[in-house]
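I would like the entire structure built from these sequences, with the hints used as guidance.
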Amino acid sequence: MASDKQINWDVSYSHIRFMEKALVGHKCVASFKRTRDIRFSIERTDDRSRVIAVLINRYTIGLADVIGVLAEFRNVNCIVAPGDWCGYTREAKDYGAQQGVAVFHASEFLGALWKDDPLTYVKIDLKGRPMYAYRSD
Amino acid sequence: MRIALTEGISAFVFGSAVRDRRSARDLDVLFVYDPTRIAPAMIYGVLGPTISQLSELSGLPVHPVVLTIAEEHADAFLNRSRAIPLIGWLAETTDHTLRWPAGLRSNAII
Numbered sequence: 004m005a006s007d008k009q010i011n012w013d014v015s016y017s018h019i020r021f022m023e024k025a026l027v028g029h030k031c032v033a034s035f036k037r038t039r040d041i042r043f044s045i046e047r048t049d050d051r052s053r054v055i056a057v058l059i060n061r062y063t064i065g066l067a068d069v070i071g072v073l074a075e076f077r078n079v080n081c082i083v084a085p086g087d088w089c090g091y092t093r094e095a096k097d098y099g100a101q102q103g104v105a106v107f108h109a110s111e112f113l114g115a116l117w118k119d120d121p122l123t124y125v126k127i128d129l130k131g132r133p134m135y136a137y138r139s140d
Numbered sequence: 127m128r129i130a131l132t133e134g135i136s137a138f139v140f141g142s143a144v145r146d147r148r149s150a151r152d153l154d155v156l157f158v159y160d161p162t163r164i165a166p167a168m169i170y171g172v173l174g175p176t177i178s179q180l181s182e183l184s185g186l187p188v189h190p191v192v193l194t195i196a197e198e199h200a201d202a203f204l205n206r207s208r209a210i211p212l213i214g215w216l217a218e219t220t221d222h223t224l225r226w227p228a229g230l231r232s233n234a235i236i
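Quick mapping for you: the protein sequence lines, in order, are chains A and B.
For the first sequence, the residue numbers in this note's numbering are 4 to 140.
For the second sequence, the residue numbers in this note's numbering are 127 to 236.
Because the hints were derived from the structure by calculation, they are not lab data.
The reader is advised that the hints may include incorrect statements.
[Claimed, not checked] DEER-style ranges, computed between Cβ atoms:
1) B:145 with A:126: 24 to 32 Å
2) B:205 with A:131: 40 to 48 Å
3) A:15 with B:182: 16 to 24 Å
4) B:149 with A:48: 42 to 50 Å
5) B:218 with A:130: 42 to 50 Å
6) A:16 with B:182: 41 to 49 Å
7) B:218 with A:100: 26 to 34 Å
8) B:195 with A:102: 20 to 28 Å
9) A:46 with B:146: 42 to 50 Å
10) A:77 with B:195: 25 to 33 Å
11) A:48 with B:182: 45 to 53 Å
12) B:163 with A:24: 37 to 45 Å
13) B:145 with A:30: 34 to 42 Å
[What the hints assert, rightly or not] Residues from chain B that face chain A, not an exhaustive set, calculated with beta carbons under 10 Å:
14) 156
15) 161
16) 194
17) 201
[Claimed, not checked] Footprint (simulated), chain B over chain A, 3 or more residues, beta carbon under 8 Å:
18) 51 to 63
19) 70 to 78
20) 91 to 99
Just so it is clear, CB atoms sit at the ideal spot from N, CA and C, and this is done for glycine as well.
As structure tokens, then:
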């Protein structure tokens with residue numbers, strides 16, 4: 004555990020509603036259940052594996068955020084920032100991948116739900132080049 | 127100049143509170159820490175009281191971004207966000223002489 008107290012992930016009700024609406028309208032989502040406010044257990048269509056995502060509101064997700072989420076929540080495989088204005092560091096993305104956890108902002112996450120293994124999802128541009136939400140890009 | 131809140135941590139304000147500090151509705155704070163002094167797994171525990179104090183002092187909800195020195199350098203966050211040292215922002219914005227939190231008194235300039 005990162006500390007005795009849980010970390011305040013700054014997720015507002017509007018962030019949660021955005022996520023819920025996006026999941027309801029997603030063709031790969033069969034059903035989902037939200038627990039502890041920000042943890043989404045998502046059953047997917049067509050035999051795709053279950054996704055357990057935690058929503059955190061960070062302008063930039065850093066290594067400490069990934070470690071904090073993994074300490075606080077079990078069996079997580081996605082960490083999601085609520086807007087496309089959000090990003091993450093390479094360290095956060097890489098550490099998450101090492102732990103089997105994908106770090107995304109919102110639209111990346113919705114794209115990743117189409118993949119059998121969301122961890123392998125990379126957004127690409129019109130020329131097929133990978134696009135990450137690293138702040139330095 | 128960087129001003130450290132406690133040894134191994136520097137703090138900066140960015141976003142709306144820098145652009146128009148009087149009408150800001152929240153306080154975006156970048157904390158940059160040295161992971162050789164404070165492990166990433168412990169940093170939120172260390173920062174928790176400071177974040178609470180900042181929120182009380184400013185009267186604003188604090189939205190932290192917490193990065194290692196290497197993460198900040200790689201992403202050039204300080205340059206891109208035009209962040210300013212937290213202590214300077216507090217001094218110009220709040221009645222800090224009356225309500226300066228104990229945890230912020232021991233600042234060291236690095």
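Right, here's what the structure says about each hint:
{"no.": "1", "hint": "B:145 with A:126: 24 to 32 Å", "in the structure": "holds, 30 Å"}
{"no.": "2", "hint": "B:205 with A:131: 40 to 48 Å", "in the structure": "violated, 30 Å"}
{"no.": "3", "hint": "A:15 with B:182: 16 to 24 Å", "in the structure": "holds, 20 Å"}
{"no.": "4", "hint": "B:149 with A:48: 42 to 50 Å", "in the structure": "holds, 46 Å"}
{"no.": "5", "hint": "B:218 with A:130: 42 to 50 Å", "in the structure": "holds, 46 Å"}
{"no.": "6", "hint": "A:16 with B:182: 41 to 49 Å", "in the structure": "violated, 23 Å"}
{"no.": "7", "hint": "B:218 with A:100: 26 to 34 Å", "in the structure": "violated, 42 Å"}
{"no.": "8", "hint": "B:195 with A:102: 20 to 28 Å", "in the structure": "holds, 22 Å"}
{"no.": "9", "hint": "A:46 with B:146: 42 to 50 Å", "in the structure": "holds, 45 Å"}
{"no.": "10", "hint": "A:77 with B:195: 25 to 33 Å", "in the structure": "holds, 30 Å"}
{"no.": "11", "hint": "A:48 with B:182: 45 to 53 Å", "in the structure": "holds, 47 Å"}
{"no.": "12", "hint": "B:163 with A:24: 37 to 45 Å", "in the structure": "holds, 43 Å"}
{"no.": "13", "hint": "B:145 with A:30: 34 to 42 Å", "in the structure": "holds, 40 Å"}
{"no.": "14", "hint": "156", "in the structure": "holds, 8 Å"}
{"no.": "15", "hint": "161", "in the structure": "holds, 8 Å"}
{"no.": "16", "hint": "194", "in the structure": "holds, 6 Å"}
{"no.": "17", "hint": "201", "in the structure": "holds, 4 Å"}
{"no.": "18", "hint": "51 to 63", "in the structure": "holds (count 4)"}
{"no.": "19", "hint": "70 to 78", "in the structure": "holds (count 3)"}
{"no.": "20", "hint": "91 to 99", "in the structure": "holds (count 4)"}
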